[in-house]
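Q: Next come the chains, spelled out residue by residue.
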Amino acid sequence: MNDPILEMRGVSKTFFGIKALRAVDLIVYAGEIHALMGENGAGKSTLMKILSGAYRPDPGGEIRIEGKAVRIEGPLGGRAAGISIIYQELSLAPNLTVAENIYLGREMSRSGLLARGAMREGVGPILTRLGADFLPSTLVAHLSMGQRQLVEIARALHARSKILIMDEPTTSLSAAESERLFALIRQLRAEGLAIIYISHRMDEVYALGDRVTVLRDGRLVGSLDKPEIRADTIVRLMVGRDVSSFYKKDHDPEAGRGHPVLAAIDMADGQRVKGCSLTVHAGEVVGLAGLIGAGRTELAHLIIGASPKTSGRLELEGRPVEIRTPGEALEAGIAYLTEDRKALGLFLDMSCLDNINLAVLARDAKLGWVLDRDKARERADRAFAGLSIRAANAGVPAGGLSGGNQQKVLLSRLLAIAPKVLILDEPTRGVDVGAKSEIYSIIDNLAKAGTAILVISSDLPEIIGICDRVVVMRAGHIAGEVTRGPNSPLTQEDIMALATGMEHLDA
Amino acid sequence: MPSNGAAEAKPASTTTNGAAAETRRQRMRMLISALGMLPVLLILCIGFHVLSEGRFFTGQNLGIVLQQAAVNTVLAAGMTFVILTGGIDLSVGSILAASAMAGLTLSKLPELGMLWLPAALLTGLGFGVVNGALIALLRLPPFIVTLGSLTAVRGLARLLGADTTVFNPSIPYAFIGNGSLTLVPGALSIPWLSVIALLVILVSWLVLRRTVLGVHIYAVGGNESAARLAGIKVWAVLIFVYGVSGLFAGLGGAMQAARLYAANGLQLGQSYELDAITAVILGGTSFVGGIGSIWGTLVGALIIAVLSNGLILIGVSDIWQYVIKGLVIIGAVALDRYRLQGSART
Ligand SMILES: Nc1ncnc2c1ncn2[C@@H]1O[C@H](COP(=O)(O)OP(=O)(O)OP(=O)(O)O)[C@@H](O)[C@H]1O
Ligand SMILES: [Mg+2]
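So the sequence lines, in the order shown, correspond to chains A and B. Quick note, in the working numbering, the first sequence goes up one by one and the last residue is 507. Quick note, in the working numbering, the second sequence goes up one by one and the last residue is 346.
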């Protein structure tokens, strides 16, 4: 290949004495998709934030773009150097239009007045090139996650970036949206852009990656070229050992049958959920599958009382229960892990310790109200060890953790409750392979102990790997159910057929 | 997973020796951020002492400063609860006036006179709970609700005294306004007003840092939707914080009434809410909620009192006092932001 477009040499970053990156080298060529992998907290996002100018590296390293040494200062510096980043959490202003977002910070004006018309026309060609199905004048608030991602990409192209960084871009996309994104990424590669792609999903890395660089504990542990990209080689680099038996299912799939713990009957909210019933037995792991937008999260919200229902009732261990708020759900023993950890789950300014203990503070308290700080610290330490959460200590704010470690903190909060019913909405989103297998074995152990578990997931291999039975939703209805039999395994095809409504064609 | 355990043991053991140093460094950082504006307060004190040729650090003057800071400290403590949830309470000055009026009016009745103190507190609590209920149950914005009660309660305060000044030279418990608690006879005594203010800070600290409710208050301020989903009764937390703010405003009213033996529904407590908010912000509590400490508020309230007192000591004219106070506040907060840069919250 020709000369590299980007050379990073000896880049380090220290956060308050903690080394997040230690002398990392990264070399990227134009026209390649360079996958960046590593466990949660390995330093991937930090490295990219240095490139985009969001963080300043420790002195000593060097960054060259097209052979010229550059200093990237502030977000505008990254853009000026030809680098655009699409963050793990999208950074669009929902109250502005598509065109305004694309021009954000570089608005066009005519004699001091905002030139909205010109801006709308300016972004037209790019949106067409990306195959966007929305207008420049659409409000971003009205767009789906996939469409918002297109806006981010359009913004990068519009800034004439030569290097495009994508940090876990598919975590909130549907399968179809992801496919479209992949096609677009390949098109951009053909147009000569260098793309740095961060993901925890192996299948994506096989499908896209021309080269893979792996980070571990802030160090570069190796780079692989296309022919060497295989699950075993990557995983060994990432965690330094083999992760065998990824999915764990030791609990007895028949054990709980006959003792239903949670029964939701005819639940509806008048909009997205149209009369859904499902039952989860003790010791059973039930998957709730379906396309994004099928109403799975909405159904979960109805069950725990997070949104008002227009019809439906709940039975817990055979007795009817009335649940109007998430607080009542918790009291009844139903815990829910949200899919949106930043907006609905975590308290980013509070310590990990408080985040983990939040739901059991009152239960642990002395005299009903006084915090039991020893118990809280013990619980947090146990969670840190059990899920290998990576942070300086439990006292640091949750907002300083890497995405996957934040997910583990949130999961620890639910596990502390020891509920009868556990509803997990995308439990492994943004979590690395090692931690994924830890979470699977936790789910398995809970099932063994008799917890009734409902897992919402868009990751079909995951659903098939850990569930005994899969309920499939389509457009607000229960489309059907797939059960694992002694000699009939769950298959992706069966689930997809129900989810898309294509089963009639086969029949 | 046995293989897993072995792999984990390694990073854990390498961090243990570094961990002690790291926790020490972290403690240091927390101390610095907890100290916050304390250096500014000390510099102000020393500066005024020098400029006033040694008249600042005298027992008598410090007593005056503490006494002047007392009522604002109490109001600011309540305000801290509210701002920690991401809200604001503009009505504390009016509630203070109404509580003082209610208390004084009652104190003149021969049989019920002794009850004036609880009456003032309950008046404040009542208005605060109404604020909280409107905000929590009707989901109205705190700024609007308390702006409304700022006006409405002021009117009620005037009504209570038929728009006149109410006097009671023989008000019971007058000592809390003008007496001092003697610690070392003949040498050291602290005004009762200041003792009350310190107790209020202490109780607030206990509630915020040592109780479940305290964590819930920080949680509601940090992320209200997440708090709701985590099963926290957000409405109860909101009613509580506005109730506390009202209660402390009522206490402030009682303190003023006992000090002045009089109250005027129109004038008492005018724009006290601004000083209270200023103290909270000077103390480093974030306007968005979820971040802050009650000790910071105490320092903030002291800075305001020291400024007023010191500027008078060195003979700055009334008009310039306003200008200088305003500039110092902006400068102090700017300094604070600068100091916090590079922390996790940028
Ligand atoms: N703003 C910050 N303040 C303090 N520490 C930080 C900050 N940002 C990152 N870190 C620390 O740096 C390390 C690397 O984090 P980073 O976000 O780069 O991980 P990552 O590889 O992107 O992980 P993930 O896959 O979970 O997203 C982590 O230990 C994290 O706690
Ligand atoms: Mg990351």
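Incorrect hints may have been included.
Said to hold, decoys possible - One-sided excerpt, in silico: chain B residues whose CB lies under 7 Å from chain A:
id: 1; residue: K108
id: 2; residue: G222
id: 3; residue: A230
id: 4; residue: R259
id: 5; residue: I291
id: 6; residue: S293
id: 7; residue: G315
id: 8; residue: S317
The hints are simulated quantities; they were obtained by calculation from the structure and are not laboratory data. Ideal Cβ placement from N, Cα and C applies to all residues, glycine included.
Q: Holds or violated: is the Cβ of B/S317 closer than 7 Å to a Cβ in chain A?
A: Cβ of B/S317 sits 43 Å from chain A, so the hint is violated.
Q: If you take the shortest Cβ to Cβ gap from B/A230 to chain A, is it below 7 Å?
A: 5 Å, holds
Q: The hint names B/S293 as touching chain A; please verify it with the least Cβ-Cβ distance against 7 Å.
A: 12 Å, violated
Q: Does B/G222 hold up as a contact with chain A if the rule is Cβ-Cβ below 7 Å?
A: Since the shortest Cβ distance to chain A is 4 Å, the answer is holds.
Q: Against chain A, with CB atoms and a cut of 7 Å, does the hint on B/G315 hold up?
A: 44 Å, violated
Q: The hint names B/R259 as touching chain A; please verify it with the least Cβ-Cβ distance against 7 Å.
A: 34 Å, violated
Q: Once the shortest beta carbon distance from B/I291 to chain A is found, is it less than 7 Å?
A: Holds, because the Cβ-Cβ distance from B/I291 to chain A comes to roughly 5 Å (cut-off 7 Å).
Q: Do the numbers back the hint for B/K108, that is, is its least Cβ distance to chain A under 7 Å?
A: The hint is violated - B/K108 has no Cβ within 7 Å of chain A, the shortest such distance being about 39 Å.
Consistency with the previously given hints fails for numbers 1, 4, 6, 7, 8, ordered from lowest to highest.
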